[in-house]
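**Q** Sequence:
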Amino acid sequence: MTEAHERTTDVAISGPTPSAATNLLSGLNAAQREAVEHIDGPLLIVAGPGSGKTRVIVHRIAYLVRVVGVSPSRICAVTFTNKAAREMRDRLGRLLGTQAERLTAGTFHALCAQILRRDGAAIGISKDFVIYDSDDQTSVLKRAFDAEQIDPKHFSPNAVHAAISRAKAKLIDVETYTAQAVAPYDRVVARVYARYQVMLAQSQAVDFDDLLFRAYVLFRDHPEVLEKYQSRYQHLLVDEFQDTNVAQYALARQLAGRQHNICAVGDPDQAIYSWRHADVRNILSFQRDFPGAKVVRLETNYRSTPYVIQAAAGVIAANTQRIEKDLVPHKTGGVPVVITEAYNEEEEAHWVVREADRLRRDEGFRYGDCAVLYRVNAQSRAFEEACLRYGLPYRLVGAVRFYQRKEVKDLVSYLRLAMNPQDEVSLARVLNVPPRGIGQKSADDLVRWARELGVSTVEAVHRVANLSPQPSPRYGERERTAPLSADLTPSPSPYYGEGERGGDAIPITRIARVPLARFSELVRALADAVTTVSALEVLDLALERTGYKEFLLKAEEGGEERWDNVQELRALAAEFAEMPPPEGLVAFLERVALVSDTDNLDEAKDGLTLITLHQAKGLEFRAVFLTGLEEGLLPHIRSMDDPQQLEEERRLCYVGITRAEERLYLTRAFRRHTAGGSMAGMPSRFLKDIPVTALTHPSTLQKTTVPEPRMTRRERERAASLTPGPSPLNVERGGAARPAAPDKPALRPGDHVRHAKFGEGVVVSFQPSGSDHEVTVAFAEGGVKRLLYSMAPLERV
DNA sequence: ATGTTTATTATTTTT
DNA sequence: TAATAAACAT
Numbered sequence: 051m052t053e054a055h056e057r058t059t060d061v062a063i064s065g066p067t068p069s070a071a072t073n074l075l076s077g078l079n080a081a082q083r084e085a086v087e088h089i090d091g092p093l094l095i096v097a098g099p100g101s102g103k104t105r106v107i108v109h110r111i112a113y114l115v116r117v118v119g120v121s122p123s124r125i126c127a128v129t130f131t132n133k134a135a136r137e138m139r140d141r142l143g144r145l146l147g148t149q150a151e152r153l154t155a156g157t158f159h160a161l162c163a164q165i166l167r168r169d170g171a172a173i174g175i176s177k178d179f180v181i182y183d184s185d186d187q188t189s190v191l192k193r194a195f196d197a198e199q200i201d202p203k204h205f206s207p208n209a210v211h212a213a214i215s216r217a218k219a220k221l222i223d224v225e226t227y228t229a230q231a232v233a234p235y236d237r238v239v240a241r242v243y244a245r246y247q248v249m250l251a252q253s254q255a256v257d258f259d260d261l262l263f264r265a266y267v268l269f270r271d272h273p274e275v276l277e278k279y280q281s282r283y284q285h286l287l288v289d290e291f292q293d294t295n296v297a298q299y300a301l302a303r304q305l306a307g308r309q310h311n312i313c314a315v316g317d318p319d320q321a322i323y324s325w326r327h328a329d330v331r332n333i334l335s336f337q338r339d340f341p342g343a344k345v346v347r348l349e350t351n352y353r354s355t356p357y358v359i360q361a362a363a364g365v366i367a368a369n370t371q372r373i374e375k376d377l378v379p380h381k382t383g384g385v386p387v388v389i390t391e392a393y394n395e396e397e398e399a400h401w402v403v404r405e406a407d408r409l410r411r412d413e414g415f416r417y418g419d420c421a422v423l424y425r426v427n428a429q430s431r432a433f434e435e436a437c438l439r440y441g442l443p444y445r446l447v448g449a450v451r452f453y454q455r456k457e458v459k460d461l462v463s464y465l466r467l468a469m470n471p472q473d474e475v476s477l478a479r480v481l482n483v484p485p486r487g488i489g490q491k492s493a494d495d496l497v498r499w500a501r502e503l504g505v506s507t508v509e510a511v512h513r514v515a516n517l518s519p520q521p522s523p524r525y526g527e528r529e530r531t532a533p534l535s536a537d538l539t540p541s542p543s544p545y546y547g548e549g550e551r552g553g554d555a556i557p558i559t560r561i562a563r564v565p566l567a568r569f570s571e572l573v574r575a576l577a578d579a580v581t582t583v584s585a586l587e588v589l590d591l592a593l594e595r596t597g598y599k600e601f602l603l604k605a606e607e608g609g610e611e612r613w614d615n616v617q618e619l620r621a622l623a624a625e626f627a628e629m630p631p632p633e634g635l636v637a638f639l640e641r642v643a644l645v646s647d648t649d650n651l652d653e654a655k656d657g658l659t660l661i662t663l664h665q666a667k668g669l670e671f672r673a674v675f676l677t678g679l680e681e682g683l684l685p686h687i688r689s690m691d692d693p694q695q696l697e698e699e700r701r702l703c704y705v706g707i708t709r710a711e712e713r714l715y716l717t718r719a720f721r722r723h724t725a726g727g728s729m730a731g732m733p734s735r736f737l738k739d740i741p742v743t744a745l746t747h748p749s750t751l752q753k754t755t756v757p758e759p760r761m762t763r764r765e766r767e768r769a770a771s772l773t774p775g776p777s778p779l780n781v782e783r784g785g786a787a788r789p790a791a792p793d794k795p796a797l798r799p800g801d802h803v804r805h806a807k808f809g810e811g812v813v814v815s816f817q818p819s820g821s822d823h824e825v826t827v828a829f830a831e832g833g834v835k836r837l838l839y840s841m842a843p844l845e846r847v
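Each residue of the first sequence is one higher than the last, beginning at 51 in the numbering used here.
Don't take every hint at face value.
[Unchecked claim] Here are the simulated PhoX-like pairs of lysine-lysine, each with C-alpha atoms no more than 20 Å apart in a straight line: (1) Lys599 with Lys459; (2) Lys177 with Lys278; (3) Lys655 with Lys133; (4) Lys344 with Lys459; (5) Lys177 with Lys192; (6) Lys192 with Lys655; (7) Lys192 with Lys599; (8) Lys344 with Lys456; (9) Lys344 with Lys381; (10) Lys604 with Lys456.
[To be verified] Estimated spans, in silico, between C-beta atoms of each pair: (11) Glu198 with Pro630: 48 to 58 Å; (12) Arg282 with Thr370: 53 to 63 Å; (13) His204 with Val812: 57 to 67 Å; (14) Thr581 with Arg372: 53 to 63 Å; (15) Gln230 with Arg372: 30 to 40 Å; (16) Gly504 with Arg372: 38 to 48 Å; (17) Trp325 with Val248: 49 to 59 Å.
To be clear, the hints were calculated from the coordinates, so they are not data collected in a lab.
Model, not experiment: these values are computed from the prediction.
Idealized CB from N, CA, C, for every residue including glycine.
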C-alpha cells in the first residue's frame with residue numbers, strides 16, 4: 051500500500067503527519083503501543099476496566115491495515131454483542147474510511163450462522179435452516195418430554211434444558227452424552243437430548259448452542275472447509291475472551307490455524323457469565339495452547355476517579371482465585387463514594403431518583419449521565435415507579451425484549467413458515483393466530499394424525515385441505531368420509547412410532563376442515579411470495595391475509611402500542627428490501643434471531659438508565675448508583691453456598707463499580723419485599739471491603755457510616771425502631787426532616803393545576819407522605835397521576 | 001372458544 | 001407477593 055493511498059483513505063490524518071504508524075501510535079501509552087505493534091503470532095491482552103481496550107483493538111486493526119498492509123477483508127473480529135461489533139466498525143471507519151466495511155466483525159453466533167448457511171450442506175444442514183431462540187427451544191423441549199413420556203413435574207424441563215445446553219457448550223454430542231450417562235437422571239437427559247435433536251432436525255432448525263457446535267463439527271470433519279476460512283482470515287481477534295465457552299474457544303483455535311495470528315482480549319476480573327457456561331480458564335489455556343504468546347497488560351484506568359478505583363480495588367482484592375492486577379487511575383481529584391441505607395426499596399428508589407435530580411440541577415449532569423444498576427430485574431420496578439412519580443425520564447433496558455413480544459414473534463413465525471414450512475414451532479404458534487377456528491382440539495388431532503402418517507404438520511394441513519375440494523360452506527358439519535388411510539399412504543415415522551401405532555383411527559372428520567383449507571392456502575401463498583417478492587412484501591402479505599392489524603387493535607390490551615411494534619418490525623424488514631427475494635428474507639430472519647435488545651438502547655433520549663449489572667458490562671456513566679447491596683441480593687442468595695459463585699458475585703460488584711466515571715453511590719435497603727413477605731437484610735459483605743479512604747471527604751457531611759455487617763438482625767430491628775425519624779431521603783439534604791417545598795402553597799382537591807409535561811388537570815387529593823405530600827391529579831390528557839409535591843413541576847392555574 | 005380460578009414459581013440472559 | 005401458566009368451567 052502506498053503512502054499516497056493511505057493519505058487519501060485516512061480521515062484522521064489532516065496535518066503534516068509523517069507516517070501512518072506514528073499517527074496510529076500517538077496518544078497511546080507504552081502498553082497500548084506494545085499491543086498495537088504486535089503483528090505475528092498469538093497475543094493476549096489483559097485489559098482492566100477503562101483501560102482503553104476498544105481503542106487498542108481498533109488501532110491495532112487499523113495498524114494491520116495501514117502499516118502492515120493487511121486487507122481488512124482478511125481480518126476477523128469476534129465480539130460478544132452486535133452492538134460491540136457495530137461500535138468497532140464505526141470507530142474503525144473513522145480511521146480507515148469505507149475500507150472498514152470490509153472487515154468481518156460480529157458475534158460468534160452470527161459468524162457461525164453465516165458459515166453454516168454457506169457450507170453447512172457438508173454436514174447435512176439445509177440452507178434454509180431456522181434459528182430457534184430460547185422460547186422456541188422450550189416448546190421443542192416440551193414436545194420432546196411428551197414424546198419420551200417423561201413427566202415435566204418429575205424432571206424439571208429447565209434443568210434438563212440447562213444440561214443439554216451445557217453439554218453442547220462443552221462439545222458433547224448425543225452419542226457421547228448417552229455413552230457417559232450412568233446415573234438415572236443423566237439417562238433421562240440423554241433421552242430428551244436425543245429426541246430434542248431429532249425434532250430440531252425435523253424442523254430444519256438449530257438452536258443457539260448448535261450454531262457453535264455444528265460449525266465446530268463442520269470444521270473438524272471437513273478440513274477443506276476449514277482451510278477455506280483459515281486462509282481467508284489472516285488475523286483473528288476475540289474480544290471479551292473471559293466470557294467465552296469451550297465451544298467458542300475451540301472455534302477460535304480452529305480458525306487461528308497454523309499461523310496462530312490470534313489476539314484475545316479479556317479481563318478475568320470481569321468474568322460474569324459462568325452460568326452460561328463461559329469458562330475463564332480459557333485465558334489460562336490460551337497460554338498453554340499458544341506457546342510463546344505475548345501477554346500485554348493494560349492497567350492504566352482512564353475512566354474513573356481515584357475514589358472509584360479504590361473502592362473497586364478493595365472489592366476485587368478479596369477474591370482468592372485471581373491473577374493480581376493493579377488499576378492505576380489516570381484521573382485525579384473527584385468526589386468520595388457515598389454509601390447510604392434506606393428503610394425499604396421504595397425509599398431507596400426515592401433517594402436515588404432525588405439524588406439524580408439534584409445532580410442534574412446543581413452539578414451539571416444530565417439524566418442520561420446517570421445509571422441505576424441492580425442485580426435482578428425485579429428491582430427495576432421500584433425505580434421505575436419512583437421515576438414516574440417524580441416525572442423523571444428513564445430508560446429501562448431489556449425488561450420486555452422486542453423480539454420476545456407476542457405480536458413480533460407471531461409475525462416472525464409467519465415469515466419463518468413461509469421460508470421453511472417444516473418449522474413445527476412456528477406452525478404451532480400461528481395455526482390459530484389470529485383465531486380462525488382451529489382450536490386446541492383440532493390442532494392436537496392434526497399433530498397426532500401427522501405423526502401417525504409420518505409426515506410434517508404442514509403436509510397434514512395440506513392433505514386435510516385436499517380432502518374436500520369444495521369445502522362445505524358450513525363449518526362444523528360432520529359428514530362421513532371415506533377412510534382416509536386409503537389415499538394417504540401412511541408410512542412408518544422415523545420420529546414417532548411405536549406407542550401411537552395401531553391405535554384408534556384419528557377422527558379426522560372432526561377436524562376443522564374449512565379453516566384448515568384456508569390456512570393451507572395461506573401457507574402456500576406465503577411460500578410462493580418468498581421467491582418472488584421482498585421480505586417486507588412477504589410480511590405485508592401475511593399481515594393482510596391474516597387481518598392481523600384488526601386482530602391486534604380489537605384485542606384491546608395495548609393494541610395501539612403493539613401495532614407500533616409491528617410497524618417497527620416492518621421498518622426493519624424494509625432495510626432488507628434491496629436484496630433479491632429469497633436472500634433478503636433469510637438475512638432479515640437471521641438478524642431478528644441474533645440481535646439483542648440492548649442493541650437498541652436509545653442513546654439519543656435523555657433519561658436515567660435502569661439496567662442490570664450484567665447488561666451494564668462494557669458501558670460507562672458519569673454517575674452510577676449501585677443498588678441493593680445486601681446479603682442475599684448482591685451476593686445473590688443462590689450463589690452464597692458456593693465459593694466459586696461467590697467470587698463471581700464479587701466480580702459482578704466490581705464490574706458495577708467500575709462503570710462509574712465520577713460519582714459512585716452504593717445503596718441498600720434495610721427491609722425489602724421478597725417472595726412472600728418483607729425481609730430485613732444484612733448489608734452486603736462487599737461493603738466492608740471498600741476502604742474508608744474512598745468514603746471520607748473532609749467537607750462532606752457523611753451521615754451514613756460504614757456498615758457494621760456483624761450486627762444481628764435483632765439489633766438492626768431495634769436500631770431502626772429507635773430512629774423512626776427522617777428517612778435517608780433527607781439525610782443528605784440537611785440532616786433533618788423539613789416540610790416539603792415550603793415556598794409552595796398547599797393544594798386542595800378541586801384546584802386546577804398545570805404540569806410541565808402532562809398539561810392541565812384537577813387535583814383529586816393532597817396528602818402528607820413522609821416529609822412530602824402526594825398529589826393526585828386527574829389530567830385532561832394523560833389520565834390520573836400520583837405526583838410528589840416537592841418534585842412535580844406543578845403550578846396552580 | 002372464551003373467561004375464570006387455581007397452581008406454580010420467582011438470578012443473571014451478550015446469542 | 002405478584003405475575004403468569006395451566007387447568008377448569010361456562
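**Q** Checking each numbered hint in turn, tell me which of them this model violates, lowest number first.
**A** 4, 5, 6, 7, 8, 9, 11, 12, 16, 17
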